[in-house]
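A.B. asks: Take the two lone chains and join them into the complex the hints point to.
Residue strings, one per chain:
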Amino acid sequence: MTKRSHRGGLPRSIVWPLVGLTLAWLALGCQRSTLRPFPLAPPMLEDHDRQHVEAMPEPYFSGLIWDFVDQTFFRSLNRYLTVDATRPSVNVNAWDEVPDSSWFENRLGAFELSEQTLARGACPENLLRAEDGPWIVTAAKPNGANPGFIIRDTEGRGWLLKFDGHEQGERATAADVFGSRIYHAAGFHSPCNIIVEFDPSVLEIADDAEAEDARGRDVPMAQHHVQQVLDAAFVLPDGRLRASASLFLPGIPLGPWRYQGTWREDPNDVIPHEDRRELRGARLLAAWLNHFDAREQNTLAIWYTEEDGTQYVKHYYLDFGDCLGSRWAQDGLSRRFGNAYYFDAAEILLDLFSFGLALRPWDTVTVNEEAHELGYFDVEHFDPVRWKVGYPNPAFVRMQAEDGAWMARIIAAFDHARVRAMLDEARIVDTAFDAEVMRVLMARRRLILEHWLLVRSPLDAPRISADGGTVCLDDLAIQTGVLAPEEVRYTTRFFDGTSWDRPRWSETLTPGAGGQSCIPLLRDMTPRPADVTSAGAPEGYAILDVVLTPHAGATPVPPLRIHLVDDGATFTIVGIERPGDATPPGGGR
Amino acid sequence: MRQRTRATASTRPWCALLVAGLLLAMFGDAPEAAAREPAQAARDVPDYDGRPDAPPTPGERALWIPRVLLAPVWVVNEFVLRRPLEFIVLAAERGDAIQKVRNALTFGSGGRFGLLPTALFDFGVRPSVGLYLWANDLPTDGDRLRVSGAYGGSDWWQFRVRERIALGAGTTPNTPYAGRHVRFEFGYEQRPDHLAFGVGPDLGVAPLAVAYEQKHLYGGTGLEWRFGALDGFALSVEGGRRRFENGDRGIERADVGLAELGDDPQNRGRTAQRLAGAPDGAPIRNTFTDYRYVALDGEAVLDSRSADRTEPGDGARLELGVGVGRGTYLAPQEQAFAARSMFSDPALERTTFAFVRPRIEGGLFWDIDNHGRVLSLTHHMEWIERIGAAPLPYVELPALGGEAPLRGFVAGRFRGDSTLATMLRYTYPVWVSIDAFLFAGAGQAYGERFSGVSLGSMAGTFGFGVRSSTDRDAAFELLVGAGTTRFDAPTFGVESVRILIGATRGF
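Residue numbers (numbering that gives the first Met the number 0), protein chains in the order written: chain A, 0 to 588; chain B, 0 to 506.
In isolation and in its complexed conformation, chain B is listed as follows (with noise of 0.2 Å):
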């Protein structure tokens, strides 16, 4: 008898489920509907051909299992969903609040200024969410200001500014990047969680991370000449200081590591040492510190395809970069810093480093059909030359993963003295201004000048995303993304899975 009086007590609900989502699927009226009730009787139906009405076929009332089965999901998308927004959304625009929320976001002639919400997950680092304001036209015709912010957490932020002046004549409102423009640009990033694996390609399989914080303050300014959105020439001079923490304790990889050392210096010391390739009890090379820079970058990127999207998206690119960076490791007042942070060599401060940092990156282009599908291969490589004996700090080395080629990977997984990948994409349209891309490459960091290059010690990425196509500045991505290990690996397979989803950053 108890046994049953649980089986009654365990069924009633859904019971109770399905007889209230039949009632109301059937006697159920939509809110609007419900809204009023009429003065005078409705009038009866007509027959309008005079014959009685057809019985119900079998399929007919077979079709009744199924409606009942789904009762009591449609019972959620009915009330929990539908209706309870109805409600809210006719509200808001009984209210105007479209307008008025459109108001606020927007103003100025023909939205000449906005501001959007953003928000970024990219699954290993910290969510953030964030604002993003544009300004056209400002101060003159065929200028753009461009302000970002970002916010993940307390100890998480990022803010950056940017202007791009129009000089003369080649700049329209519907060729916003071509022709000559000056731009001014300053940010502030912080953000505990950045993640370090290493130097070079001898990592092992399962190579340990550590999460670090990054202090940036940057500022610059540059030259453009832009033939058109895609090609052009720019000279960009940047000044700025870095320096470094521990960072977040709540990333996966970087908890195992850290979780086996505890809180104990030495150990976190020796952690260091193995992430950056070194021996136990050799000096740490490449480590990490709080210094000041300054570096002039240019650019020379010849790009054959057309930046209309009606048109076929055959072509080539080239795009030459090199970046000369000098810098000088800092000062004894950051000494109580230093001594906290296992990343930091108190040896170093005060002396100067410097290096030049050149990049080719090289593709061709395949429209398959004229209509967007675009198949591409490209090679990117980019090695640093040190100028001077003083090592050079961790994050002024080359890197792959994350905006950069191997995007299956995490940003900074492959850093080293020089860097390669080749990546082959396929881009497709689904949507309006949507594309959806498939990729897979492989790539590596190596030592110097290429050092140590074999097909074996390479890593393989692989993944899929859409990605909105309309803004360059602020583009939506969702990216689902693999990295495996290396090719000579004895146990190959992947070794990480990168899911994004968001509004990438950037202008």
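Bound conformation, chain A alone (with noise of 0.2 Å):
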């Protein structure tokens, strides 16, 4: 007969085993950490999820409610019921980069783009005119928050116009184009949004044109629908209007996409979307801008078809236009964006149970004084490290600290003349408002920089000098200005493979200038036995290790950890690493 647990339930001729079990299980893990080489072989550039593929994917339909009930409570409980332990994301190539796709492609930051690139974004050569002929106007949503309408211009292209409402000045139409500018600069399709300025008499309704009511229901549009519209136009000096134009994408929209799991009518959709690099790290994209609204329902999928006739489901960021400091009717909502949830129980039970005594960032948080346009937007109540959308995104959540890094270098190459020339294309009226903007920008930029930047390694971009014996690499710590060059100090290790624990040498060096430097590998030491190939590394395979230290006395910053391939004439990089300690590639015994 078999003996029972001492409080019943399973007997224990099955707990014993079921423990000794678990325990062995666990035991497995505790192996030693191998070193995981890299191939002889170029990282993968583009990620080849823009196969053709034969039938368009049925549209997806986002509730809008639903989301947000289901983000907000369902989903983030589950996230603590399955113990969701983050980890890395997928779609991270050999050099710590994110392969071209169908979400993102490489602009700033891993190549020099032109600042009237930049400002150019996804725009066309040919753009709305208002001199080039009459605006057809199809449809109006005079109602609600954002009201507007869609035009077919000359060509026969469709633009969805916005206006500005009464609140904020030009703040609405100038997030959404600058927004715009920004995502597509870092490398995120958007559509191409601009200003327009125009005289009503450009717009003219279609025949079978329709508009919403304040009921949802659509009815026959009459020209007091765009004259509702119109009315919350911003009106300039010369008493034309102004409004955000944004040009239909090219394509079948196919409703959002969403943030978390894969489309499993997409078959080139294999990643977990919450595990994509580039999302996550939109996070703090997101942060910089105050882009709280960054929801699903702010996405785009759409059935894209190639000259050559492929068709793919192609992932579209929109609408901006609450970035900047967008104000809702209910104060203390808006005073709390980026700060907190729409509905954030954590902050609620924290307030609650402290009975006040903690001073929040929305108690102090005040309308910005040089501009009252850009209402709570501001650098004194950003954390960059706490900043949260309006509510969770499951991308954001699993954002980790290798993901905010890789967002931050790319964040680093938004300088002050390309950060300029993007927003010169929101064409502000109001020049303190501007330049309140451009402040607000680069500091809340330089804050995320300051931590973000530094939770891994800022060296960036290493590459072999020509005659192959010299690793060069930039310091974006230095190069933005968030480290001193005089202060730095480089710890170099060289580890190949007689020890993966023990660096064969080891040097201090001082940057170089430009925040450029150049580590020569090439040195007078005996050479590796030839029976020595550890952990399955190939012959010749090595490791160089860059620690970064601030300044004296401080916390060095975790190693850019190169790993290369030595033939004997030349070092070639086969893999990038930016690992969150120190520790040796062998696991430091």
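Just so you know, these hints were derived from the structure itself, not from any lab.
In this text, all values refer to a predicted model and were calculated from it rather than measured experimentally.
We treat Cβ as the ideally placed atom computed from N, Cα and C, and that holds for glycine.
One or more of the hints may lead you astray.
Residues from chain B that keep clear of chain A, each with C-beta distances beyond 12 Å, as calculated [as the list claims (entries may be wrong)]:
id, residue
1, Tyr47
2, Asp52
3, Pro54
4, Arg66
5, Val67
6, Leu69
7, Glu162
8, Gly219
9, Leu222
10, Val236
11, Leu295
12, Val300
13, Thr309
14, Val323
15, Phe449
16, Phe463
Here are some of the chain A residues that sit facing chain B, going by a computed Cβ distance under 7 Å [stated by the list, open to error]:
id, residue
17, Leu20
18, Met43
19, Gly62
20, Phe73
21, Ser75
22, Leu80
23, Ala553
24, Pro555
C.D. replies: See the structure below:
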């Protein structure tokens, strides 16, 4: 007869073997961590997820209310119940970068792009102009928070026109245009959003045009519907009206894409979206602009057709009108944007049971005194680490340090001149507003870089010199002014497989001019014994760690780890890692 | 062998649930993902860095232990709650049901008219559900019509209508309560769950309560001069009729008291005497009955605080009010009712009563950090002066508890010719338009002109709650409060606990 455990439940004959098996299973993970060498191959620069798809997926319906409820309550709870320990992003190549895909194309940060190119964004050469002829209004939404209408230009292209409203000057249209430029420059797909200034006489109502009434019904459009929308327009000093115009995307809209899971109907979509580095890292971009409305309804999957007939699903970000300090009717909510979710149980409980003793950011935030149009968009209350979107975003909540550092390296490329060029596209009339936007943006960028650039090594773009024996690096922390070059020190450690725990040589260096430093790899040292090929690494495999110390006495930043292969004549970089600590590649024993 | 069989049977559901949970956790798909099978096989997951995957660490492996333990809860959250709700909400959104419901509940441009369901659970009295209707700018700009109804059973319901008509300038949509208004109001209430505890401070350690039914029909009009949302003058006149009958038997403390007494009318009469604070056999004072009344009420409120919540909440408030009332106990045609009622006193029929009821309330408010964390100290005094010899109806006596001061007690817990209470309250914001509050205080109902006031005779109250602060007409409130025995009671302690959840009544 089987004995039962003391308190009932499972029999002891089951419990103890189960415990033993569990311990043994856990012990399997206690093996010494081994070096994982990169293959001698170029990094993956393109993720081939733009392969031809036979059938267009059924459009996805995104529930406005359900998404909020789901993300705020159910999925948040599920993350706890499944003890969701975030693993590293999946789509990261051997160079610690994200390959081009239907989601993302490396632009700024990977390449030198002219300010003109950045300013153009996703826009074609010929833009919408009032002087080119009538704009045919085909649909209107005169009610709600974002009144606007759809027009058809003389070339037959569709544009969505949106207006500023009466509360925050030119902010909404400026944000929509500027946000689209920033996201595009960072590598995301975004629409062509431009500012248009026009006389209402350019508008003509199409015969079959419809408008949405206050009760959400489509009714034949009348002049008063158009006028109702135009009443929300910012009026320029010369009497013309200002709007943002968004060019219809090329392809068939399939509804929003989601921030979690994969879309089974899209055979190219095999990486869970919450594990895509670019979607995780987009949290920093949203934080920078205070794009608190970064939810799935502000995305769009497009059934895209290439010139050669290849069809696939392409993924866009849309609607940046909330950026740069949007305020809602509920002032208490507006004060919290960026610092708390719309409904934030953790913050509510903290306030409730701390009896209000903690002073919170939304207590002290004030409307920007230099430019009231910016609302609560400021520097003083911006926390780049704790920043929150409107409600939990599955990709954002899974952002890890390496994802944040990756996006920070892209944001580092947004220098003053480039941001200025993109903001000029917003054509802000109020010079004080324009200057304040610029000031706040650059200050928030610096706060982002001061933290996220240093959670992993800010050393970037390693390359082998022409002679094949020297590796050169860019220090983004120095180049962006986050660290002072005269205080920075680098400690290099070279491992050649004789031991992956003890470097063959090590030395301390100072940064080179302009934040660029070069480290000679060829040293006069005893050759590695021929029979040493540790951890299955190929012959000639070596690793160079470069550890950055910001200033004397400071905690070193974890290393940039460059994986090299020495073929006897030259070194080749085969992989780059930015680990979270300075443990040697072999595990440190 | 039999034992092992039982053991296996008892563990089988858990094992099955765990296995099912794990399988679902590993292989389960969201409904939207499973909606349609792809026509084309998915591509292979690329090997992005060309390296084999890192083996799981011991920590990552150990996470499976809590995962397995929490799997049943996850199954419930995912499959019992989330997915069915997803199906329902998405179906509703697809069918534009949200807009349809909104259209059904709000109408007019900018939501001028609307209808909201309400509910109130005040443990100790009956829960109720209701509807709240608003109509702004009706009939003209600045006017506000409010209608509320509540239902708590076939013998429990309330109905109330109030129209505030703006007079002249000073009233704008942004400051709807400022300016001059004339107010019209009428309503009807029928509730069998009012509680009577008796009169005065000497009701014992755990006083008996008797539930009574009140039928109250009333109507009136008034003039208001509001300087802002918080201060101003008001003058109103109201007339109505109240009648009383035996109330609910479903109230715990009343059950105790009445169960001991059975249905014997004499015993019930003695209970009523005890509640009224009179010795057995003595004439019942302040009895319940059926009467008509008319009352004139004047109020002046001076409040130095700003109604704008973004401004500091420092300030002082002084409220002076006086009510003058006259009523007549009703008449022989109510004899049958009076005979049934343990509260009635046939000798009072056709006699007239009259009273003057002054009240004073003052408060000091300190916004500790100018961010809505307000500490306040308020003092409340109210008393009644009889005009003539006729006794006054019980419910016309000043009271504490419920919505009145001493909120840790149920409504009407303290009644007397005079009441006083001092409350310390700390209010702090916890979310958008939601404040939490802590309160503590003491007070008591006393005899004529505060006779018998002493610190030891007071009862204490304390508690906490949260309350919405957007709409002064209909606020959501959650309150957990407690009331103590008198401070000088031989066994001082908590006498009662009050829990309230829901939309508070009134406009």
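A.B. asks: Next, verify each hint and record whether it holds.
C.D. replies: Evaluation of the provided hints:
1. Tyr47: 5 Å, violated
2. Asp52: 9 Å, violated
3. Pro54: Not fine: 7 Å to the nearest Cβ puts Pro54(B) too close to chain A.
4. Arg66: 5 Å, violated
5. Val67: 10 Å, violated
6. Leu69: Violated, since 5 Å does not exceed 12 Å.
7. Glu162: Holds: least Cβ distance 25 Å, greater than 12 Å.
8. Gly219: Non-interface label on Gly219(B) holds, nearest chain A Cβ at 35 Å vs cutoff 12 Å.
9. Leu222: About 32 Å separates Leu222(B) from the closest Cβ of chain A, which puts it past 12 Å; holds.
10. Val236: 38 Å, holds
11. Leu295: With a cut-off of 12 Å, Leu295(B) remains clear of chain A, as the shortest Cβ separation is near 40 Å.
12. Val300: Val300(B) clear of chain A: closest Cβ-Cβ about 26 Å, beyond 12 Å.
13. Thr309: Since the minimum Cβ distance to chain A is about 7 Å, Thr309(B) lies within 12 Å and the statement is violated.
14. Val323: Per Cβ check, Val323(B) is outside 12 Å of chain A; nearest 42 Å; holds.
15. Phe449: With a cut-off of 12 Å, Phe449(B) remains clear of chain A, as the shortest Cβ separation is near 34 Å.
16. Phe463: Per Cβ check, Phe463(B) is inside 12 Å of chain A; nearest 9 Å; violated.
17. Leu20: Status violated, d = 12 Å.
18. Met43: 6 Å, holds
19. Gly62: 4 Å, holds
20. Phe73: Given a least distance of 4 Å, the restraint on Phe73(A) holds.
21. Ser75: This hint is violated: Ser75(A) lies away from chain B, its Cβ roughly 10 Å from the closest one there, beyond 7 Å.
22. Leu80: Because about 4 Å separates Leu80(A) from the closest Cβ in chain B, which is inside the 7 Å limit, the hint holds.
23. Ala553: 28 Å, violated
24. Pro555: This interface hint is violated because 23 Å lies over the 7 Å limit.
Of the hints listed earlier, those the structure fails to meet are numbers 1, 2, 3, 4, 5, 6, 13, 16, 17, 21, 23 and 24, in rising order.
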